[in-house]
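J.: Starting from the known structure of chain A, fit chain B onto it as the hints suggest.
Protein chains in written order, with our numbering: chain A, 60 to 474; chain B, 17 to 174.
Mixed in with the good hints there might be a few duds.
Stated by the list, open to error - Straight line, CA to CA, 30 Å or less: simulated DSS-like cross-link-like pairs of lysine-lysine:
1) A/Lys368 with A/Lys444
2) A/Lys206 with A/Lys368
3) A/Lys368 with B/Lys93
4) A/Lys368 with A/Lys106
5) A/Lys444 with A/Lys206
6) B/Lys93 with A/Lys431
7) A/Lys293 with A/Lys368
8) B/Lys93 with B/Lys134
9) A/Lys338 with B/Lys78
10) A/Lys368 with A/Lys199
11) A/Lys293 with A/Lys206
12) B/Lys134 with A/Lys368
Said to hold, decoys possible - Partial pick of chain A residues on the chain B-facing surface, computed with a CB cut under 10 Å:
13) Leu243
14) Gly244
15) Val250
16) Leu270
17) Tyr325
18) Asp332
19) Ile380
20) Ala395
21) Gly405
22) Pro406
23) Ser411
What the hints assert, rightly or not - Residues from chain B that keep clear of chain A, each with C-beta distances beyond 12 Å, as calculated:
24) Met21
25) Glu28
26) Asp51
27) Ser117
28) Glu156
These are computed hints drawn from the structure, not numbers from a lab. Every residue gets a Cβ at the ideal spot worked out from N, C-alpha and C, and that includes glycine.
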Amino acid sequence: MSNIWPREDFSRLQYRLYHDPEIYEQEHDKVFRGPTWSVLCLEAEIKNAGDFVVTHVGQIPIVVTRTKTGHVSAFVNRCAHRGAEIVREPYGNSPDFTCIYHAWCYSEDGDLLGVPFRRGANGKGGMPADFDLRQHGLTKLRVSVWKGIVFGTFSESVEPIEEYIGELMREHLGEIFNRPLRVLGYQRQRVNANWKLYLENVRDAYHGSLLHEFNRTFGLSRLTQVSGAYMDDKFRHSLLFQYAGSDNTAEARAAYAMDQVQRSEYLTLNDSDIIRFVKENPRGVTTRIVSLFPNAVVNQIYNCLALRKVRLYGPNEFEIIFTLFGYEDDDDAMTAHRVNQSNMVGPAGLISMEDAEALELVQRSTARDQAKYGVVEMGGVGPIKNLDTRVNEQPIRGFYSFYSQLMAAGQGGAQ
Amino acid sequence: MTAVMNDKQRIENFILRSAFLIDNNQLDDWMACFDENSRYVVIPRENRDRNLPGALMHCDNKARLTDRIACLREANKINPHFDRHIISGSLISEIVDRVASVKTSFLVVQTNLYGDSKLFCAGCYEDKIALLDDDEKIVERYVVVDTFSVPTMLATPL
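For reference, chain A alone in the conformation it holds in the complex (with noise of 0.2 Å):
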């Protein structure tokens, strides 16, 4: 990793990091299992006592419980005698967890409880005599529970979760976590091309409106509008934020054909509810994608709520799982509005549909000259800033610089 920077500012980005299997297996190492938070799922997907969910950090697969005492309990799904995984269905209820392998059986926490045949039979086989279930239990992971999002930490050094939040982003978070939620919701998407691409995808501030011509037709997002692009002080996360009505459509088209953009007629719609937007927060900020750090971003695209989590297949494969949610006390009307809106995210999302292709083509041409270098100057170069515009790519470079400190690290992260 020593020589990968070509620019100490982040400004150039080596192909190799989108294909090298050894930084690959680093990133495990140092950013997944390094001094990080990763975002498991939401409380709202395990109400109930013996609810459980299956995850991923990173490639690792996860099992997130809900205990009889009501915490929320987090371990790696993976059997402490042979490897095999234990926990098979996405989702479902269930007091422990047995492995069909050998039928070593779990509790919710992860403890070991029994071990078939431990004694042996007829006297004969069996375990040695001192071996210690308590010594053979599942990896477990730190939880945190935070206004309803359950992040879970590998690291015993990470600072606390409203710490490692920060400022910026809690308030941002808070706004739309602020009372409880009800899932809508799944929508996943394969993508043929390395995390970190979509890591900054979610990022750069720059492409929403250029690749996503459906915002820049209704006014959704447009580089002519209020927005920015801002981080938190150790840059590894951002809020890409826009007020939709702060341009004026006519000056905006012709920003958008002065700089060869778009010349054509532009689209309009038959039903307009999709563009419909509620005001549900005190700002009336009307899309807000905020990035955290290493696995994880929740958007707000009018009344359009998902929290997007990453899980990985290799250097060149991941998922991003969508989970659609609104509140609880949402009524019925609000609810189909959500589910309406729901058609711009997505694999099928008529705003995002575009990212994967776009990241598939960068996986494709990249995999030679792994030598070789993108560019990202928009917003500026040298020291990384919060700016008031999205003609912006600062926060691909504050990801970068966040992630190189971890990958300079020893094992275990760089604290």
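T.: Chain B alone, transformed into the frame defined by chain A:
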């Protein structure tokens, strides 16, 4: 085709015809297969099984379906490809007031512009189809997607 078809033949022929319209990129003709008061929803099987309303495409009325196709044509930048629907026979559960409730399994194979074909989607059409005197119309179509970890993107309707 001059032979008089029975209801099952009419339904299967209609579903097959509508699938060919997608594969041939005749999406205006495909939309004409839908009644003016119709619903088209593409929903992951995991949501359907859990009774969750969230979908991949959710068009509660025909105006929304028309808008989605217009966006696909004029705004979205999609992965260049051809679709090929493989359609099973149709299982008719009932016909009430000349509206048939029908389930039909399908596979969609997607081929890129370099001739590389991949299974894109396995799923089931859960349809309500009006059998009119001289035509058939889809009143409601739930496309239940088994392959709900969608490869790259779902741009063209299923």
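J.: Now tell me, hint by hint, if it's right for this structure.
T.: Results of checking the hints against the structure:
no.: 1; hint: A/Lys368 with A/Lys444; result: 26 Å, holds
no.: 2; hint: A/Lys206 with A/Lys368; result: 17 Å, holds
no.: 3; hint: A/Lys368 with B/Lys93; result: 24 Å, holds
no.: 4; hint: A/Lys368 with A/Lys106; result: 20 Å, holds
no.: 5; hint: A/Lys444 with A/Lys206; result: 28 Å, holds
no.: 6; hint: B/Lys93 with A/Lys431; result: 27 Å, holds
no.: 7; hint: A/Lys293 with A/Lys368; result: 21 Å, holds
no.: 8; hint: B/Lys93 with B/Lys134; result: 20 Å, holds
no.: 9; hint: A/Lys338 with B/Lys78; result: 27 Å, holds
no.: 10; hint: A/Lys368 with A/Lys199; result: 20 Å, holds
no.: 11; hint: A/Lys293 with A/Lys206; result: 22 Å, holds
no.: 12; hint: B/Lys134 with A/Lys368; result: 26 Å, holds
no.: 13; hint: Leu243; result: 4 Å, holds
no.: 14; hint: Gly244; result: 2 Å, holds
no.: 15; hint: Val250; result: 7 Å, holds
no.: 16; hint: Leu270; result: 7 Å, holds
no.: 17; hint: Tyr325; result: 9 Å, holds
no.: 18; hint: Asp332; result: 8 Å, holds
no.: 19; hint: Ile380; result: 9 Å, holds
no.: 20; hint: Ala395; result: 7 Å, holds
no.: 21; hint: Gly405; result: 6 Å, holds
no.: 22; hint: Pro406; result: 4 Å, holds
no.: 23; hint: Ser411; result: 9 Å, holds
no.: 24; hint: Met21; result: 34 Å, holds
no.: 25; hint: Glu28; result: 27 Å, holds
no.: 26; hint: Asp51; result: 16 Å, holds
no.: 27; hint: Ser117; result: 23 Å, holds
no.: 28; hint: Glu156; result: 16 Å, holds
The structure is consistent with each of the numbered hints, conforming to all of them.
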